[in-house]
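> Residue-level listing of the chains:
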Amino acid sequence: AKTRENIKTKITKLVKGRTEIDDEFLEELEQILISADVGVQTTLDIVDKITERAKNERYASEEDLNNMLIDEIQKMLSDARDAHVVDFDAPLPSTPYVILIVGVNGVGKTTSIGKMAYNYKTAGKKVLIAAADTFRAAATEQLEIWAERAGVPIVGQRQGADPASVVFDSVSSAVSRDMDVVLVDTAGRLHNKIHLMEELSKIMRVAQKKVPDAPHEVLLVLDASTGQNAINQAKEFMKSVKVTGLILTKLDGTAKGGVVIGISRELNIPVKYIGVGEKIEDLQIFDRQKFIEALLK
Amino acid sequence: MFESLSDKLEHALKKLSGQAKINEINIGMAMRDIKRALLDADVNYKVTKNFVEQVRKQALGEEVIKSVSPAQMIVKIVHDELVKAMGGEQKDINLKTSRMPAVIMVAGLQGSGKTTFTAKLANLLKKKGRAPLLIAADVYRPAAIEQLKTLGAQIGVPVFSIEEKDALKAAKQGIEFAKQNSKNVAIVDTAGRLQIDEEMMAEAERLKRELSPEEILFVVDSMIGQEAVNTAKVFNDRLDFDGVVLTKMDGDTRGGAALSIKTVVDKPIKFLSQGEKVDDLDIFYPERMAQRILGMGDIVSFVEKA
Ligand SMILES: Nc1nc2c(ncn2[C@@H]2O[C@H](COP(=O)(O)OP(=O)(O)OP(=O)(O)O)[C@@H](O)[C@H]2O)c(=O)[nH]1
Ligand SMILES: Nc1nc2c(ncn2[C@@H]2O[C@H](COP(=O)(O)OP(=O)(O)OP(=O)(O)O)[C@@H](O)[C@H]2O)c(=O)[nH]1
Ligand SMILES: [Mg+2]
Ligand SMILES: [Mg+2]
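Just so you know, the sequences run in chain order A and B.
Residue numbers are given in the working numbering: position 270 of the first sequence equals residue 1230, and the series is strictly consecutive.
Residue numbers are given in the working numbering: position 302 of the second sequence equals residue 317, and the series is strictly consecutive.
These are calculated hints, taken from the structure and not from any lab test.
In silico BS3-like links for lysine-lysine, alpha-carbon gap of 27 Å or less: (1) B:K50 <-> A:K970; (2) A:K970 <-> B:K64; (3) B:K292 <-> A:K1153.
Which bits of chain B does chain A cover? Going by a derived footprint, with three or more residues having C-beta under 8 Å, they are: (4) 54-62; (5) 120-129; (6) 148-158; (7) 236-243; (8) 258-270.
Predicted model, so just to flag it, every value in this text is computed and none were measured.
For glycine and all other residues, C-beta sits at the position ideal for the given N, C-alpha and C.
Construct the complete structure from the given sequences, taking the supplied hints into account.
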């Protein structure tokens, strides 16, 4: 059975039978938040706010207390700029609309591209996939399977080829074939590897040779089970490419992804999609309210 | 990003200068900073709490050595306790068996680095004079078999796979193939699975039961957060694995999962995977890991010399 002990269930337990905020209560709250990967600083800030409010506000019941807690946690998330939630069938601002997918190794970039291709295709768009991970063993073969499942064409070269050259080919091909969307898969790279991060800038420049305002979106993929390192990842990728949104993957089953609260707060990048499984239909448009609910309600 | 713990402690422990012994009052602040450092490194909350308590007990009553600052002393104590917690008897992987081949199975979450690791391990064993075979028992992930074949070709190690989507069959036939072809180690790559996925966890159990591997390794991404404990616990409950492989250690994660997992399941960390190339494999040193978790440099050797 899938157990779902999220922040909310734990908070409900915490406030049960209590109408007072004492040290023990605050420590348990701290434990709940940190155990959800919310991070120390964000947790301390939430705990401080609660302590402050407890001094100044009247709260009479368990429920008041509960609401106060949820409210403060929620505020941390809502501070972030809203992702303009655009469905796959919305008209594109320009075509070909180039989307670059980046992230560290194994987070789910290629799988997410397969899912996005399927969604755009289903929405009636002409999609092309660019296999610009020329590094990892069988990366192109993996993407070919996804392209086939989604029923869209793919442009690639042999393993070891220059990824920027694959991007150039793909974007050129998309222009001449009148494609709507180009999804660019890139090799996983750890954000502390300078030469690999520079490669991304090069990919961007090359895409711009054919489509001057490309890429229209740069989506950073984060694995929901990642801890505080996710914040480093986001910070470092933002230095090399203009990250426009996040895809949070592997959210199936457990209430993970608390690190997004810290990221929202520190970095202000909206989450755009979430991955909830390994199948082609397991991608959802991020709905902040729903996410908060899954995490908190 | 990683403000050094010892800098912070210097500040917190100013008061301690000139005092002869560490006592309850003067280490309170320091313990808070240590707790914070561990939590920042993604060490599990409960593990952190117990650990800090341990350190506090250890530090109480210690004489303050004149030539080093109290902060440096405390850091040294924390470090030594960390090493103790993560260390213990370092065990090699077990390849001793009366049958042929010895079987090694890997398991872990999706994308943790299993397939890459199996190739690295095969490469290492081959260099040590073994005759390894890689068996592709991930029958789900697109191109998983292709990936293993590509890696196998890079290191000159054969890869066994079948067309049918049946992990157990693939593994069993692979082991049979190894036997017939004088391969003395069979390394079984399995599909990534979430610990809450009952069907997939049952498959892993079945693989263990039917293959009776000499060695089961749990592969975990060193960037994992607080979930590390849960994940490791469930995999261990189901598979009773023999050791842990921490991957992507070439990143800048502080890798608190190492402490959490060791504390919770008490299985040795046997390998570190530190890169995407087939040679990027290392053995685990508790000292280095301790320094990494604390985000500090050479304080320890400094105190050691004093
Ligand atoms: N459970 C689950 N697994 C996922 C999800 N997204 C991806 N995966 C799995 O995670 C693993 C890695 O996914 P990939 O798409 O290959 O990741 P990647 O970022 O392209 O990896 P590299 O190219 O090697 O850096 C695969 O086993 C996927 O099936 C998800 O939302 N849920
Ligand atoms: N930087 C770095 N990348 C690694 C390391 N180990 C694996 N990778 C990369 O991480 C990604 C996932 O590795 P895989 O070996 O495919 O992981 P897996 O656990 O087999 O994935 P699934 O089979 O999809 O569950 C690939 O891009 C690898 O190149 C490592 O130690 N360092
Ligand atoms: Mg990929
Ligand atoms: Mg694999």
